[in-house]
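With the hints as your guide, set chains A and V onto chain E.
First to last, the sequence lines map onto chains E, A and V. Once you know that position 147 of the first sequence is 147 in this note's numbering, the rest is easy, because the numbers rise by one and skip nothing. In short: position in the second sequence from 1, add 1000, done, that's this note's numbering. In short: position in the third sequence from 1, add 2000, done, that's this note's numbering.
The hints are simulated quantities; they were obtained by calculation from the structure and are not laboratory data.
DEER-style ranges, computed between Cβ atoms:
1. A/Val1048 <-> E/Val130: 31 to 41 Å
2. E/Gly152 <-> V/Pro2003: 50 to 60 Å
3. E/Val57 <-> V/Pro2003: 13 to 23 Å
Backbone N, C-alpha and C define an ideal beta-carbon position, used for all residues, glycine too.
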Amino acid sequence: MELIAIGFGAILVNNVLLSQFLGICSFMGVSTKKSDALGMSFAVIFVLMLASAITWVLYNLVLIPAGISYLYLIVFILVIATLVQFVEMVLKKYIQGLYKVLGIYLPLITTNCAILGVATSNMQNGYDFVTSMVYALCIGIGYLLVMYLFAGIRERLATAPIAKPFKGIAIALLLAGCMAMAFQGFAGILA
Amino acid sequence: MKKESSVSYSAIMKDGIIYQNPVFVTVLGMCPVLAITTSVMNAVGMSVALLFILILTNVVISAMRKIVPSEIRIPAYIIMAAAIVSCADQLMNAFTPELYSMLGLFIPLIVVNCIILGRAEAFANKNTVVASFFDAVGNAVGYGMALLVMAFIRELVAKQSYTFYNPFNSTQSWTLNLLNGEGFLNLNILNIDASLSFFATPAGGFITLSIVLATLAAIKSHKASKKAKKSALVKEESK
Amino acid sequence: MDPKLIAGIVIVALVGLFVLTFILNKKTPKPEGCEDLDAKCDACQVTTCTHNNPNKTEEK
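In isolation and in its complexed conformation, chain E is listed as follows (with noise of 0.2 Å):
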């Protein structure tokens, strides 16, 4: 089934982080405790999937009837940038226990690289809606799995020797370097 394919893809073919290359800032910012990197992942999934399902009515039921498809960057960061604010204070004012938990991640997440991307891809794919929201979740666990992980092994890396100039973010770097090429070798699975 091509929704599997897809699904599958996203997660482990196409990371979203060692692949694709978006939100690679908070890839190295906030992945240096494991808890950060869980609540930072279960935020970024939280606003994506709100944001792909908000994004994709917009584009395909007002944007191109319209013919104003050509607003669509516009719109989206538009759309994004809302959410987020509106997230953030219906969490402050309702639900205090999981602002406490993720709140601090969410302005993060206005500049994610990640959520743009992803409404800007299901827009050029044609992705339907719930292709589009089986891409987005799946992107969300890729990015939670790599972050984890990362976290895990830079919390060793912290106290581990390591040569001077590679300290910070080099060495981070490095790591997830050997990762991607790791990631790499999922590509024939869905062949």
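Below, chains A and V without anything else, positioned relative to chain E:
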């Protein structure tokens, strides 16, 4: 931190290019650095696009800094950046279709590139239009240089040749071959195939950037230790 | 309807909605026990943070 407008423009530009280089020092906007740098042509295209967009956003935001109320300045910046990038996106799609399809998602993603909003918030809304212009040029040139270094290395090692094409008319292309092959200019220094196409893959991108950053860190610490030794010597002599 | 008119309405509506939610969000106070939470904005140098303590933002 108020920047007086009497600070020289060349100092502002140097800041953007060297001391606060967006990629190598402040590590901002990394997504295109890893994805676009598989070929020098793409890197150049991306840098030029970013140059124009950054100049426009900095100048517009600086010109409107006194009009926009401070509470809603962040939404205002996002909206202005989105409008400008949208125009650039459509223009590139129309006039440089081959380059646009190679750069793919990353032109629309310039909107959320940390550099645009970062420079707007840190510089453009506190300084004059001319100063913001130079800041934009400095940062974009710095970013472009970083992209070029990465692409230079990656394309050299992965394909042993550089391919350029006229962005407005992609049928005109020139290939500069270094080790073996046919093209516009064949240096053919050695007739071997030593390409490591690994460097064109995503993993290669991560590893190249890691090595470049480590090299720069090593150079910086070497220079710093030499300076420290020199000043220690001077202190010894003056005793 | 004229596409340009629809475009205008859509954009104005979205911009208005964004500004509205932004201002409302800023006015909503954080729940108790949360005032000290620091958003992880330094890594990406995200400037759209609404979590920064007032003291910290003035420092820049």
